[in-house]
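Quick mapping for you: the protein sequence lines, in order, are chains A and B.
Each residue of the first sequence is one higher than the one before, starting from 58 at the first, in our numbering.
Each residue of the second sequence is one higher than the one before, starting from 58 at the first, in our numbering.
Take the hints with a grain of salt, since some may be wrong.
It does not matter which identical chain is meant; a pair holds if it fits inside one copy or across any two.
[As the list claims (entries may be wrong)] No more than 25 Å apart at the CA atoms, straight line, and that leaves these computed lysine to any residue pairs for SDA-like:
hint, residue 1, residue 2
1, K96, S241
2, K189, G100
3, K175, G214
4, K96, H181
5, K176, E101
6, K172, S78
7, K212, Q149
8, K95, S64
9, K95, F75
10, K189, Q179
11, K212, G61
12, K96, K212
13, K212, E67
14, K175, A248
15, K174, V247
16, K207, R131
17, K189, T233
18, K95, G231
19, K189, H230
20, K207, I132
21, K212, R202
22, K96, K176
23, K235, L185
24, K235, P81
25, K174, V246
I should point out that these hints are in silico values taken from the structure, not numbers from a laboratory.
The primary structure of each chain is shown beneath.
Protein chains: 2
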Amino acid sequence: MNIGSYSYEEYVHLVESFHGSPAPGLLIGGFIVDLALKKLPEGEFFDALCETSTCLPDAVQLLTPCTVGNGWLRILEFGRFAVTLYEKNNGQGVRVYLDTEKLRAWSEINQWYLKVKKKREQDHELLLDQIKEAGYALLSIQRVRVEPEKLRRRKQGPVAVCPGCGEAYPARHGDTCKGCQGESPYVEVVAMEMT
Amino acid sequence: MNIGSYSYEEYVHLVESFHGSPAPGLLIGGFIVDLALKKLPEGEFFDALCETSTCLPDAVQLLTPCTVGNGWLRILEFGRFAVTLYEKNNGQGVRVYLDTEKLRAWSEINQWYLKVKKKREQDHELLLDQIKEAGYALLSIQRVRVEPEKLRRRKQGPVAVCPGCGEAYPARHGDTCKGCQGESPYVEVVAMEMT
């Protein structure tokens, strides 16, 4: 069983190197993205939608040209384990998701995914073995059309220099940047020497 | 001039392979993350904050252990070109940002970043040359402390199976998943055969 252009073992190594650990969600995510790539409708350019920010975005970033930074991967915080790849002009795409019905045949994956067991009670080795054995058998697939309005990517628009912090920011945010509008996550800021 | 453990040329290749093109923002992002890593305070574990979703998150994902999927990289949509790396327990960290004052010495970068010129009027080669030559000279650095409240990562909590779509979702979202609450980005959904 391959994942993208990798053997399963190569993919596991790639996951460890990028993500830090062979997270179960990212291994299943490999099969999800691999299946979506195989079922992709014709078309030259596709974007990705990921319906959770947990693990799954890394599978998309490792196996497709879509990354968070290049804007081709968008994340919806639905907490559903699903990836959609769609043609960016007409919105036609495929959605692959972890199917709770099919999950029942795989005891350890089912208990992990539905959080039936506490983490320390899980059999991690059995979990990884079941994921590798199950592969596509955990998944279902849908043909979807993404809402045209979601296809348009918001332009950054003109740039302004913030009178508060002196940094550049999107002028549409207002007279100052969001950081200076009180949204800053910092309680202390002290300039440091470069050397 | 190295970027992380890579030569500049190796980093450019890495960027092309992951991001699809040697985007100017991601090349500058390499220097930003590299400088932040060098100035990082003592401490074993650090998280990353990125103040824009454009380009910069990919520099963090390529050069640090922090990714979107493993939860160690968080993105604030401030549209400021800044990365903060901070110790996850005490919030002490460094923030590196593109300094608009220092930018003035680099005509093509300045015009690109502040969008003074239209894209087709830009001299792309000069832009990339100036970025490589400038390196750290575009940047300033701050010692920051991240607000303790921002340090706590939200737990997913219990999982429920949605009576609408049959998929698993975080129970705290309500009686159905967000997709079935009307937030679905799909205008058409048709089940497909797996074979």
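Fill in: Within, between, both or neither, where K174 and V247 count as close if Cα-Cα is 25 Å or less
Cα proximity of K174 and V247: none, with 46 Å in one copy and 33 Å across.
Practice prompt. Indicate which option fits the pair K175, G214 if close means a Cα-Cα distance not exceeding 25 Å: within, between, both or neither.
Written response: between (47 Å within a copy, 12 Å between copies)
Item to complete: Indicate which option fits the pair K174, V246 if close means a Cα-Cα distance not exceeding 25 Å: within, between, both or neither.
Response: neither (43 Å within a copy, 33 Å between copies)
Item to complete: Measure nothing new, just compare the shortest in-copy and cross-copy C-alpha distances for K96 and K176 to 25 Å and report within, between, both or neither.
Response: neither (34 Å within a copy, 36 Å between copies)
Discussion item. Reference check for the pair K235 and L185, CA-CA at most 25 Å: within, between, both, or neither?
Written reply: The answer is neither: 43 Å in one copy and 29 Å across copies each exceed 25 Å.
Fill in: Identical-chain pair category, K95 with G231, by Cα at 25 Å
neither (44 Å within a copy, 34 Å between copies)
Discussion item. For K212 and R202, with the copy left unspecified, which applies at a CA distance of at most 25 Å: within, between, both, or neither?
Written reply: Classified as within: same-chain Cα gap 23 Å, cross-chain 32 Å, threshold 25 Å.
Fill in: 25 Å Cα threshold - placement of K212 relative to K96
neither (30 Å within a copy, 33 Å between copies)
Worksheet item: When no copy is named, should K172 and S78 be tagged within, between, both, or neither for a Cα gap of at most 25 Å?
Response: Answer is within: at 19 Å inside a copy they meet the 25 Å cutoff, but 40 Å across does not.
Item to complete: Pop the pair K189 and Q179 into one bin, within, between, both or neither, using alpha-carbon distances up to 25 Å.
Response: within (17 Å within a copy, 49 Å between copies)
Discussion item. At most 25 Å between CA atoms: does that hold for K189 and T233 within a copy, between copies, both, or neither?
Written reply: Intra 51 Å, inter 30 Å, cutoff 25 Å: neither.
Worksheet entry | Alpha-carbon proximity between K212 and G61, which holds within one copy, between copies, both or neither at 25 Å | For K212 and G61, neither the intra-copy (32 Å) nor the inter-copy (31 Å) Cα distance is at most 25 Å.
Figure legend: structure checked against the earlier numbered hints; hints not met, in rising order: 2, 4, 11, 12, 13, 14, 15, 17, 18, 19, 22, 23, 25.
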